[in-house]
Structures are given as C-alpha cells and as structure tokens.
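Residue numbers (the working numbering), protein chains in the order written: chain A, 1 to 505; chain B, 506 to 982.
Just to be clear, a hint being listed does not mean it is correct.
[Stated by the list, open to error] Straight-line alpha carbon distances no greater than 30 Å define the calculated DSS-like cross-link-like pairs of lysine-lysine that follow:
hint	chain 1	residue 1	chain 2	residue 2
1	B	K934	A	K165
2	A	K31	A	K165
3	B	K939	A	K165
4	A	K31	B	K936
5	A	K168	B	K930
6	A	K30	B	K930
7	A	K30	B	K934
8	A	K31	B	K930
Simulated from the structure, these hints should not be mistaken for laboratory data.
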Amino acid sequence: MDYQAQVMKIIAVPLLGSLLIPVLGWMGRKKLTGYLAVVLIATTNILTWKLIGPGLSGQNSHYIYPLFQGLGVTFNFGLNVDALAIFMAFTASLIATLIAIYSLGYIEHEEHEPEYYFIVTLFVGGMMGLVFSTNLIFLYLFWEISALATWRLIGYYREPEYVWKADKAFLVTFAGAVFMLLGFGLVFAQYGSFDLVGPGSLAGKPISAIALILIMAGIFSKSATVPLHTWIPDAGVAPSTITSLLHAAILVKIGLYGFARMFLNGMVIPDRYWVWILGFAMASAFISACAALMETNIKRMLAYSTVSQIGYTFLGFAAVASWGYIGAILYIMAHGLAKGGLFLCAGVVEHGTHTKDMTKMGGLIKKMPITAIAYAVCALSIAGIPPLAGFFSKYFVITGLLQGGHPVIATLAILTAILTLLYMLKSFQLVFLGQPRGESHHEGSPIMVGVVAVLAVLTIVVGLGLQLPWNLASKADQQRQALAVQAVQQREALAAQALQISSQP
Amino acid sequence: MPNISWFFTVPLVAALLMPFASKVHRRVVDGLAVLTGLVLFSLSLGLILGWMPAGDFTANEVRLRADGLSALFLLVINSIGFACLIYATDYLDHLGGRAKFYGLFLILMLGLNGVVLVHDLFSMYLYMEVASIASYVLVAFTLEFDGIESALKYLLLSVVGTALILIGLALVYLRLGTLEFSAIKSLLSQGDMPRLFLLVGAMFLAGFGLKAAIMPFHAWLPDAHPSAPAPVSAILSGVVIKVSGVYALIRIFLYLYPRTPQIQSVFIILGVVSMAFGAILAYFQDDIKRMLAYSSISQIGYIMIGLGIGHPLAIAGALFHILNHAQFKSLLFLNSGALQFRTGTRNMTEMGGLESRMPITSTTSVFGMLSISGIPPFNGFFSKFLIILGAVKAGYYTVAALAALFSVFTLGYFLVIQRKVFFGKLNIKWKDIKEAPAAMSVSVILLAAACLLTGVFFSPILSKVIEPAVFVLTGGK
Chain A
1 MDYQAQVMKI IAVPLLGSLL IPVLGWMGRK KLTGYLAVVL IATTNILTWK
51 LIGPGLSGQN SHYIYPLFQG LGVTFNFGLN VDALAIFMAF TASLIATLIA
101 IYSLGYIEHE EHEPEYYFIV TLFVGGMMGL VFSTNLIFLY LFWEISALAT
151 WRLIGYYREP EYVWKADKAF LVTFAGAVFM LLGFGLVFAQ YGSFDLVGPG
201 SLAGKPISAI ALILIMAGIF SKSATVPLHT WIPDAGVAPS TITSLLHAAI
251 LVKIGLYGFA RMFLNGMVIP DRYWVWILGF AMASAFISAC AALMETNIKR
301 MLAYSTVSQI GYTFLGFAAV ASWGYIGAIL YIMAHGLAKG GLFLCAGVVE
351 HGTHTKDMTK MGGLIKKMPI TAIAYAVCAL SIAGIPPLAG FFSKYFVITG
401 LLQGGHPVIA TLAILTAILT LLYMLKSFQL VFLGQPRGES HHEGSPIMVG
451 VVAVLAVLTI VVGLGLQLPW NLASKADQQR QALAVQAVQQ REALAAQALQ
501 ISSQP
Chain B
506 MPNISWFFTV PLVAALLMPF ASKVHRRVVD GLAVLTGLVL FSLSLGLILG
556 WMPAGDFTAN EVRLRADGLS ALFLLVINSI GFACLIYATD YLDHLGGRAK
606 FYGLFLILML GLNGVVLVHD LFSMYLYMEV ASIASYVLVA FTLEFDGIES
656 ALKYLLLSVV GTALILIGLA LVYLRLGTLE FSAIKSLLSQ GDMPRLFLLV
706 GAMFLAGFGL KAAIMPFHAW LPDAHPSAPA PVSAILSGVV IKVSGVYALI
756 RIFLYLYPRT PQIQSVFIIL GVVSMAFGAI LAYFQDDIKR MLAYSSISQI
806 GYIMIGLGIG HPLAIAGALF HILNHAQFKS LLFLNSGALQ FRTGTRNMTE
856 MGGLESRMPI TSTTSVFGML SISGIPPFNG FFSKFLIILG AVKAGYYTVA
906 ALAALFSVFT LGYFLVIQRK VFFGKLNIKW KDIKEAPAAM SVSVILLAAA
956 CLLTGVFFSP ILSKVIEPAV FVLTGGK
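This is chain B alone, in the form it adopts within the complex:
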C-alpha cells in the first residue's frame, strides 16, 4: 500500500539505480526515469483524489504530514517533473550524461517533495538545501561558460539567503525551544507575538524571498534560468522557486505567524514591485529564455499579491496561480528549449515565421501565451481573476487595477515572442529545420492540454485541489 513516504523513497531508489541502468542501455535509463516520473505523478494524483491516505506518517523518528497545502504542491512538483523527464529523453541527445542528469533531477524532486511533506522548520531547511544543491549542478550541466558562471552566482547568492534562514531558525529555537510547525503555531497564537519574531520574520522573508526571486532579491534568476538546459529551466521556473521560496513563505507567514497588517502590506508591496518591474524588464529582452525568466518574476509577484491580500478568494487565486504558472511557464520554457534545440539560438530577432516549420511548438506556445496573459478559457485567467476579485472585495482597488494593467503588459511581451518567433514571414535561414523530436513534442502537448483543461474544468479543480489548501491557511471548514 503506497503511503506518503513513497514521495522520497521512489525517486531515491530510482536515482541510485541510474548508474547501474546506464550499464545496460541508454533507453533503459530513459525508461526508468520516465517510469519514476509517472509513478510520482500518479501518487500525487492519488493523494488529491483520496486514494492514498493523507495525514501523518511516522516511522523511525521521521514525521511527515500531508495536508491540503502539501497535496497541492506535491501535484505541482510531480506533474511538472514528469513532463520534464519525458522531454529530457530526447533533449539529452545533444548533451549526454543521461544517468547523471536523471539522478540529479530525481534528487531535486526528492528534495522538493521533502520540503512540502515535513513538519518542522529544520527538516524543511534541510530538504531545501538538498533541492538547491541538485539545482546548482543542473544549472551548470551544459558545462559551458555562462552555465557555470550563473550556477556560481546562484550558489553564492543562495548561500546568503540560507545563512539568514539558518540564523532565523536558531533564534526561533532559542526563544521557543521547538521547531515543529504545530508547536510554533500554538505558541505564537497565544498572547502577543514576541518582538524578536519581527526580526526573525525579516530574515525569513529575505532568505526565502531570495529563493523565490522576489524583487529586490531576484538578481540570480535571469542568469540561472536561461543558461540551464531547457527541462531544468522549466522545473526551476515552474516549480523550484515556488516550493523553496513561496511555499516556505506561505508556511511561515500564512500558517505559523498570526496574520498582521504589516506582513500583509510587505507582501503586497514586494508583489507589486516584482509584478511591475518583472513585466517591464521582460519587454526589453531579446533572449527568449531571459524574457521568460523575467516573466517568472512578474508572475511570482501576482502570487505574492494574492497571498498578501489575505482574502480567501485572493489566497485561492494565488494558490491556483501557483498550479497554473507551473504548467504554462514550464510549457513555455520547454518550447524555448525546442527552438534552441533546432535553431541553436535563443535570440528572437534571428528567428521568424517558425510556425510553418514547427507547428506543434508554435501552437502550444500560443496556448502558453494565452494562459499566462489570462485569457479565458485557459487556466491563467481563473487564477488571475480570483486574485483581482479578492483584491476588489478586500478593498485594494489600486492593487486590483495594477494587476489588471500588468496582465495587458504580459500579453504585450508575449505577443513580441509570437511576432518575432512564430507569427510572420519565414526567415529563409530556417527553411530546412524540422519540428522538435517526438518525446519533446509529447511533453509540450501534455502541458498545453493541461493548461486548457485546468481552465475549462476550473470548478472541480477549485473544489478538489485549491479549496482544501485554502482551508489549511484560513482555518475554514
């Protein structure tokens, strides 16, 4: 009978088997990786649908807990991980090092699963580091100069963040004598919050904010995400920043800390700044992956705004946006990977009219664009709309107007991608290129279908996936 500990054991065992599998045949390695992805994805679906027992799991001093919030994040991690693994089977043809890549990738997924399943701050920190170390290496996996340079930049900036988090942990332990979530929650909710916790909060905000690449802690992201191999960029932008950054912020500030107006306004201000500058800077990029990276910063801003507003609708919108953004941003990064795979460049001005040569990449990127700019019936519309609706209901009219305005900006710079890359006259240079290989196409088709279907069937997803997560935070039902 599977239980929630399988989210660790399955990728761990598979990662350990990789070197042996590579002795047999490279297709065995591919098969093992995709199968692991499928198992993990099915487990996360099973958890959502109630086929697998949620709640606590205790064995040998290990305590795991899967509540509604964890279940949402598990779905995000393992669905996107699965799609990226399928994609990687063809993408790695020009990189090599399959077994190492899959091993690291699965350890990354293990770390992310760990972050959302554990029930104390220290283990959360630990698993976050597991995921981070795997992702530093994956960013540098191409072994090209800019990959290694940006991996080092990522590492050095992250170290500052983790140092702050570690000091924060020490202070919490010093003051409360425990790091367990439920204990901290009940201690903090009694009486006035000690003043020390404002300092601790600032440290956590800076540390995890750096992981989430919220402005002004974003400097590493526009370098690290573009230079990584495409499946890695996809999971970094789609999942890693959300799990090691946003999830931790949610756990700490919306779950452990009592809600205060100061924290709310800090979230909103950081969110608006990220949303606005991310979108404006994205507009000026010529490198398609850099544009997508800035767009991620902008979309994280939307999530922060939703969380900061604190109205249940806005929180639901933010959590839904986490799910949706994972889908469409991974899709778009995988599309850009397919372009780079075939054309050998990331510079959009060199491309042009590729829709006739790469119809699948082109069509799925239109799906991604419509989702991210919030055009119904695609998924991004419903999450952005809930955030805006929550903002209006809670009386944050300016924030709502800005969120609406910047979704027009978002459409604006995604139309730039469409105009320069796909929609237009074919650049003769590319008259002989072909569509991306089969596995890469299958992966983007799955993600594009997910974007559309999540939007069309928004109501069961809201009630099955999002609502339970919101109730964890608002204490409802």
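If we strip away everything but chain A, and leave its shape as in the complex, we get:
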C-alpha cells in the first residue's frame, strides 16, 4: 500500500493552510482566523486516523526523493511511515486540536489574534513534517520552525520582560540546534549520508562521542532537560494555551521524538554511552521534581513537572528494552493528555482569579467544580495512580529500567514518582481545597471547561482502554528491534569482511 499522498497531505494541510490565516487577518476577518485554525488542525488529525489501521498491521515503509546531487553531496527528502511516526502524529495533532478549540474561548479578546492562530497552525505543520521526515536536514528544518514559533508565541503579550524571555527560549533552543547540526555534519563526514533509512543510509551506524554530545545538546535544549531547561519555566509568561501546546502537544516532545527517531530507529549509540544519557535523564527528572515541590507559581510548578516527566520519558527510551520503549511511547501520550489538561485548567483558574500564585488561591472547587475534577484526574495521572494512563506508562518505564539492568536508576525513578505525587497533591490542595482567598471567581467559558473535561476523560479512557495504544507502541517496538538486529548483522558482516582482508597474505 502506498501512503505517500496521505502523509504529504498531513504535512501540507497545516503547513500551507497556515498561510491562509494571515490573509484572513489582512482582510479584516479576525474572528474567522480561529475557526480556520481549528478546521486545519482537526483535518490534520482526521487524516492521521487513516494511518492507524496500517500502523497496527505493521506498516513500515519509507520514500526517498532526491533533491540535489553534486559537489560530492546528496540531499534527499525522505518520508517515513512506521508505527512510531503514526503514533506521534496522531497524539500531537489530537492534543493540538483540543488546544486550538480551547483557544477559541481563551484568546477571544486578545490583540494579534491572526498571528496567534497562524503560528499555532504552522507549529503543528512543522511537527507533522518532523514526525514523518527521515532525513536529518529536514528533521532540522522542521525542528527550527518550532523554535521560531516558540519565540513568537512566548512573546505574545508583548511585555518587555516577556519578549526578553521569548528571546531566551529562541536563543537556547537555537544554540542547541546549531550544535546538533554540527553533529549531523560530523556524522555526514564519517558516513556520507543524511538519511536515517534506506540503502547507504545511517541506519545501524555507530556514531562518535563528539557527534553524540553535539546532537544531545540539541535534543536536551529542545526537550528542556537539565541543565538546558531554564527557558521552559520562563515560557510560562505566554498564554496558557501556548504553554499547554509547548509542554504537552508539540515542543518538548520534539526532542523526545527526535531522540527515538535518530538513535533507536537509525544511528546507533555505542553501548558505553547509554549510562550517561540515563544519568542525565535521571538527574533531570529528580532535580526538577524537587524544584516543582518548591514552586508556588502554578505555571512554573507545572513547567518543572514537565521537565521531570520528560526526564522520565528519556529514561524509558534510554533503558533500551522493550518495556521501556513501549512505556516511553505511551508516556508521550499520557503526559501530553494530562499535562495539556493541567495547563488548560491553570488557564481557567488564571482567567477566573487573575493570579498565578497558588498561595493566593484556595477553595476553588466550589466555584469551579468541573475544572477541579479535571485537574485532579490529570494530576493523578501524572503522579501515576492506577488506572489512569500515567500509571501504566510510568510502570512500564520502571519495568523497562529493571529489564535493561538498571535497578539503582529504577529505585530513584520510584522516588521521583513519590515526589511527583507530593507536589501534585500539594498544588491541588492549595488551589482547590481550603478556604477561598481573594476576590470573586467564576468557572471558565463552556468551551474551555468542555475541552478540559474532554482531556480528563481521555486520560481515563486511555488508561482503561490501553489495548489500542499499547498495540501501536508494541508494533513500534518490534520495528525498533528488527532494525537493531539488522544493525548488529551489518556490523558483524563488516567485521568479518575486515578480518578476511587482514588475514589475506
């Protein structure tokens, strides 16, 4: 079966469609821009449904389009349709659709509305491009579209301090990405290709330590992993829809996805370096969980929690074991839904109370019952309470760590999970329980509360009906293992060849 046209549509609809939004803005139809954005992003999501069936039946194909050949270099554009890509595209576009719908209620009275919807749609387009790309240059291209979008979106309110923080986010992620590009250059100098799959590609090629460090700088800066995380708590100055988009649906997931795509389904990290990645991920998860416990600004607390959960997901990938891999993929979905819900709840709360300081809130459960329940469900999912989605993914990651032979890290991961439960309960207690502090509060608009409720329900549904995402994730794992086996065979063949040559008289 041929899926190129479908994938092209998934990338083109948001990417090219986004260009219509500023046109609408110039025509003075600012009201319509939001609806157009919702339609475009929802269409993207619906287009991904068609791929789920093939994904479940083990679809794994790639298409290479040569672009330029000459000067001793080949640039290709490559598409890659496998279970991991399908899973990611579906999850990201689903959450992005919900956030776009929520924006209709949230962004209503703001200036710069067309720009907001333009960038959000472009952002989704960049994400879709990234997910299906299998060439490092195009991976980088789509990667940078998201950096640009982050910059415009964080500075949305145009306060001098906010713009400064937007610049910081742009610079940190760009610096990381540039060094990642340098790493790509080193890989290219060694193997002469930018393709991750296909004949003569990088698949199964071990990379050097320097290239690994450079590429990890890009991944860690994008995924806000300690020590390159400081921009993400600052990004909380953006509207809640945007922080939600950045944390849950798209931005930080780019680093995770890129890691899985490049190092678990393409190039190979030599075994002795894995322990470093585990160490960084664990440190990141633990330190930022402590930071989240100390934080009283609700959005900064949630941001640190994201850093912590991203570290957790990296642990799953870095365990290099089936359980860990499946757990990490499910984690992307579980965390996306729950963290998306939490930020949108924070948006409702902020709209109602006009503060982000949790110590000035309290007793909101009476005024905002639906938001409170949704917050509780999402918070418990992040903390890993059964039967919510977050529990299973966390459990699988820890199992994966044990399977991969890292009992110490697994213990620390459990400790971090306890910390997570602690700060989540603390925040719920501060915001929703106790005596009301501050002035009048009201529940958010129906559209906002509706979206929040949907995210909470999805968190429960994914937890109870884990079978479907599990199937897709385990297909992705099978595909990863097949590649790994192939890589080992390749290396053995090469070694045998080298032996033969050296043994000749």
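The hints should help you fit chain B onto chain A, whose structure is shown.
Chain B only, in chain A's frame:
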C-alpha cells in the same frame, strides 16, 4: 540579440538619458530608472538560464568573458540593483536630485558589471574605480555632515588600497609581461611560483581586503554604510563590498594563483577574525544601520572562511552566501531605511512596538533576520550549512564550531533589533506613523520573497547558479 556587452551599454545609455528625462517629468525619470533595472535583471537571469550566449565577446579591442562565476555575480549585482532602484523611487521624495542619483547609481552598476565581466587585471582595476567613485559621491548624497565626513574617510582609505593594488599590478606586469587572466593563470601554474608573487599577493590581499572590509581593514565601513541613503547602503553592503572586494580576491587567489596552504590559512584567519569581532561589535550598537554594517563585516567573514577552506562544498557555501547575503542584507538595510524615513531616527532605543504600525516592514525584517541567522527554510541556512559542512569534511573542526557559535550570536543581535524596534509594546510617540510608501514596500516584499524562495528551492539554484561558479574555481566538470 542581446549579448553580454549590454551589461555596460544599457546602464550607460540610461545614465546619459537621465538629465534629459528630468526635463520632462520626475515620474519619467523614475520609470526610466526602474525599467533599466528590470532590463539588467532580466539579462542576468537570461545569462543564468542560458537564453543569452555566455562565453567571449570581442569588439574593438574590448574583450569580455562571462563564465559561471561572472554569471553568479551579475545576478547578484543586477537583482539587488533592481530592488534598490524600485525602492529609491519613493525614498528620494525627501532627498531630491533624482536624475543625479539614478545617473550615479547606474554608473555604479555599470562599474560593478564591468569588474566581473572583464578578463584582465587592469580593466578590473579600472571598473572597480568607476564603481568606487560613484559610491563615494552616493555616500555623501545627503549632503549632511556625517555623510560627507564618512565619504571622505571611505575615499582616503580606499586610495591607500588602490595604491597597493596598482603597485601589485605593475609588479605582475613587470614579471610576467601580461595582465590577462588566462595568461597569468597558465604562467603561474607552470613550475614554482616566483617569490615576488608572495609580496604581490600580500598587496592584493590588503588592497582588495580593504574594499571587502575584512578585519583589520574595515574601519571605513561602519561609518560609510550607515550615513549613506538607504538604497545606497543596501547596494554597498549587499553588493559593492562583494564585487570590488571578494570577487577580486576570488579571481586572484582561487582562480589565478595556485592554491597553497598559506593562502588558505590567511583567508581562514582573516575570516574568523571578521566573523567573530563583527558579530561582537554589532551586539553593542544602538544605531540600527551601524549594527547592520558590523553584521556585514561578520558575514563577509563567513564567506572568507568558506573560500579559505577550499573544499568544493565550502566554496559552494561561500558563493551561495554571497548571493544570499546580498538578498537579506539589502532587505534589512532597506527596512532600516523605511524606519528612518518614517520615524526620522536610526536609534533603536527610541523605537518600539512598530510592528503594529509598520506590518510590512516588520514582517519582512523577520524574514531577513531568519535568513541571516541561518534558520531553515530561509536561504542563509543552506549557505552557512554548506560552509560548516565543508569545514567538517576538510577537518577544520574548530572553524566549524566557531562558525556555528557565531550564528547563534547573529541571531542574538538580530533579536535585539526585533525586541527594540518591532516586537513589544508600541512607543506612544509613534502612534500616528504609517507604513512605508508603496514602492518601498514592494521592493522589500520582493527581497523577502527572494530570501524564502531561494531557501525553499535551494536545489535548482545550487545546480544552476552555484555549481557552474564552483567549477570555474575547482576546474571540475
């Protein structure tokens, strides 16, 4: 049937017609100037696409030759010249002296076209002087104090450079008895290079390096480029330094001279110094045009690095960067001109939040910023990436890392422009200003579109425009 001599005759005839046209109506002058720009731009496109015969043109002792390298530079000169001429039609409203301005501008373009088309060192020197003299006057065109002062500074420093070049020419003629490119090339490639040519090389490097504003020969540029009228700053930074400086360096050191490691390392060292200090000094400027001027020095550094590395990929990156830098730097200078036109200042701290008042200027300047900092899919990414890739492939890891690091710096100081000028709360002082006039907006939109499209369609441009130029230098295919 047009041929390559039209690159001289068209601007020359148009420049001569200017005083007469100004007797009719000022719109006729504008029309004539823009039409000339369009014709020249079409000619350069025709040359690239093969609609016009390339190769030699000989008539009355005049010998011209257009190879791949010349074609690339002709495209750069005439496309940017065209955009600047469109822009000038509205910009000159507050300056006056239309016919004189266009006349000088077209003579500047004639001189630049001449530099890249001639086939011997002396004619190259001659046309370079034609272009230089036109640009001295254009820098002082506002007749304000700092314009005249910096034009004089430019003139005096250039004279030192041209004196060195002239002595170098004399020495070459003394030793080889010819100044023709092909003769010099074949004489130099036989056997060992005479020691004298190291001295000659140093003179050419200093002379043309001064024209290209490579550090430490850059002192004139941060004064001359900001005080000129915006379309002149745009062509000076986008084109003139590249044609009268970098093109000559390429012709001499990558085409005529046999490649030696010494020359390569000199290029790389000068390139890294220019790239680094240009970027660092740009960061501390408050005057938007001065910042752009320092940024030009920094970007010329990138080009020098690419040329010095000598790997075909890096040379391709450097040549591509010449094309791209011309597009985005002219765009940014024209943007700054629009700001000055409306607000009357170049000081960025006085501006603020202008995006809501000048959306076209703001959006196109974001395009320019993304291009110059090397963010895909804009054009600057591909050229910088090729330079870095070439550096990695040739084993210059430190240079590659520095080039990557300073592209972060570049983004850093362009974010300063965005933050102070466009992105933020509107300074109430400017609540009544309007977007730049139509012609100025059209011109920047064309350049911004060029930045994006050159990036998106990098592969046909690499194979049609850049590769032939690289083959001239590497002798491939």
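> Under the criterion that the straight-line Cα-Cα distance not exceed 30 Å, is the pair A:K30, B:K934 satisfied?
Replying inline: holds (27 Å)
>> Does B:K930 sit within 30 Å of A:K30, going by the straight-line distance between their CA atoms?
In response: At roughly 20 Å apart (the allowed maximum being 30 Å), B:K930 and A:K30 satisfy the hint.
> Would the pair A:K168 and B:K930 pass a check requiring their Cα atoms to be no farther apart than 30 Å?
Replying inline: Status holds; Cα separation ~18 Å.
> Are A:K31 and A:K165 close enough, with their CA atoms no more than 30 Å apart?
Replying inline: holds (29 Å)
> Can the restraint linking A:K31 and B:K936 be considered satisfied, given a maximum Cα separation of 30 Å?
Replying inline: Holds, because 24 Å separates the two Cα atoms, which is no more than 30 Å.
> Is it true that the CA of B:K934 sits at most 30 Å from the CA of A:K165?
Replying inline: holds (25 Å)
> Is A:K31 close enough to B:K930, meaning Cα to Cα at most 30 Å?
Replying inline: holds (23 Å)
>> Run the distance test for B:K939 versus A:K165: straight-line Cα separation, threshold 30 Å.
In response: holds (29 Å)
Checked against the numbered hints above, the structure violates none of them.
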